[in-house]
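The hints should help you fit chain P onto chain A, whose structure is shown.
If you read the sequences in order, they're chains A and P.
Per this note's numbering, residue -2 is the first one in the first sequence, and the count goes up by one each step.
Per this note's numbering, residue -2 is the first one in the second sequence, and the count goes up by one each step.
A few of these clues could be false.
In the DSSO-like style, the derived pairs of lysine-lysine whose C-alpha atoms are separated by at most 27 Å in a straight line are [claimed, not checked]: (1) P/267 to A/37; (2) A/172 to P/253; (3) A/242 to A/172.
Restraint-style ranges between C-beta atoms, simulated for each label pair [said to hold, decoys possible]: (4) P/35 to A/148: 58 to 64 Å; (5) P/205 to A/54: 33 to 39 Å; (6) A/83 to P/205: 34 to 40 Å; (7) P/54 to A/134: 54 to 60 Å.
Don't read these hints as lab results, they were simulated from the structure.
Every residue, glycine too, gets a C-beta built ideally from N, C-alpha and C.
The primary structure of each chain is shown beneath.
There are 2 protein chains.
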Amino acid sequence: MKMFNKVVIIGTGLIGGSLGLALRKQRLAGWVIGLSRHQKNARFAKKIGAIDSIGASLEVVADADLVILATPINTIIDLASRIAKKLKKDCIVIDVGSTKERIVSKLSALIPNFLGCHPLAGSEKKGIANLDGSIFKGSLCIITPTVKTNHHALNKVKLLWKKLGAGVVILSAKKHDFVLALTSHLPHAVAFSLISSIPDQCLGLSSSGLRDTTRISSSDAHLWSEIFLSNRSNLLTALAIFQTKLTILKLALESKNKRQLTKILLLANKKREKLG
Amino acid sequence: MKMFNKVVIIGTGLIGGSLGLALRKQRLAGWVIGLSRHQKNARFAKKIGAIDSIGASLEVVADADLVILATPINTIIDLASRIAKKLKKDCIVIDVGSTKERIVSKLSALIPNFLGCHPLAGSEKKGIANLDGSIFKGSLCIITPTVKTNHHALNKVKLLWKKLGAGVVILSAKKHDFVLALTSHLPHAVAFSLISSIPDQCLGLSSSGLRDTTRISSSDAHLWSEIFLSNRSNLLTALAIFQTKLTILKLALESKNKRQLTKILLLANKKREKLG
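Same shape as in the complex, but just chain A (with noise of 0.2 Å):
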């Protein structure tokens, strides 16, 4: 059952291209517009089949039903001012943006449709070559809706990603923002800074634990620092209480007790038993 007929995706990278490809393998849009800044890449998402064509400009979206926003934070924020005059009434705009406070405070004075997404399901993956359909079977999505939010847009947002296959989480973008500080960007500047304190010459030495710890410090470095500037507060406590751990352990350490350090520990695997 198609639920949109025509649809405009703003950013052909990861998210936006597997979304492409995700409505269309299960036929949810009618037509699937996609844009993006480096024509390499559109051209590449239309030859995988993630859109049916490439848009020449932003006046595409003067008759879309849904308008997504893939790009990265910045450039989300200044594409809804730009296209906000052109859309249709009743055109639902949703962004897949990895912090929400800004942009959902933002779009939603611009655009009377717009719902704040993130999925997550990215990956240090970056670009095109790596666009799938199936990401979102099994992840979540976390939806960020405001008092003011139309409840049919919601609905229908709510029911777009359930079909994608993945589950939905209702949250405001205040608590999303602190949530993910600690569950997503938290690991992401932790695994940055362990990886930059291996000496070169130590490397050829590593087993799979530093290989899986670091894996995500492989993630695109201009969005990161974005992401990480977009949600700096929270970031910055989030990194006080990390922070907090670390000089706990140490101090177990530094004091050779190990009843306390191996109490922290197993403390530790409890925890973690519980992220199954």
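Only chain P this time, still in chain A's reference frame:
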């Protein structure tokens, strides 16, 4: 080709049991005897074919050609002093502990043909249910001889690991402990502290990033508090290096210095790429 007639493995956990499986499968040993503090583990090892028989007491080392000490670090040192006088003159003894300086210093004084070994093939999946004779294939094993090490014994131990599929690296025990503090013990300390920083109610909203970054925080708490303490000074140095890197990232974030922040992340990207 049998390399050893009688092999005794003390400690039939993940590494000891997996070594037994590999030795028997490749017919590198005439007879493999296993001992464990936990009779259940020894019986399981026998049942799955990791050992030919269960040793009744430490007396079984008397006519062994190879003794493998595969227990936690503190027990290795204790065991060595108990078996040293029972061994044949040309019996080779190896351990598989994760830190080497203390073990090598004590054991090379007690046992003429002792060689410290550290196969980088562990796993956070502790215990006998995960025994796997193929875990050494494609892995690295660090051997830590001293100036007094018998060359014949060293060559035989090198050949043993190569036959098990591992690449062999020769390092001094001191260098080993310094390098492993950075490439293994630090990532573990970071992973334990990271998972401890995440409030329970946030765990449900994690993506694969947190999962990978904290995988090794499932590692055995008792084993790892011993490893941390046995390499205390090097690990404290490694933690200090890491804390400095984290502080540099934090300062760029605090001062909203996007250029500096991106530069830090780009350097991390490059270093991670070298890890492969």
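Results for each hint:
no. : hint                      : result
1   : P/267 to A/37             : holds, 25 Å
2   : A/172 to P/253            : holds, 22 Å
3   : A/242 to A/172            : holds, 23 Å
4   : P/35 to A/148: 58 to 64 Å : holds, 60 Å
5   : P/205 to A/54: 33 to 39 Å : holds, 36 Å
6   : A/83 to P/205: 34 to 40 Å : holds, 37 Å
7   : P/54 to A/134: 54 to 60 Å : holds, 56 Å
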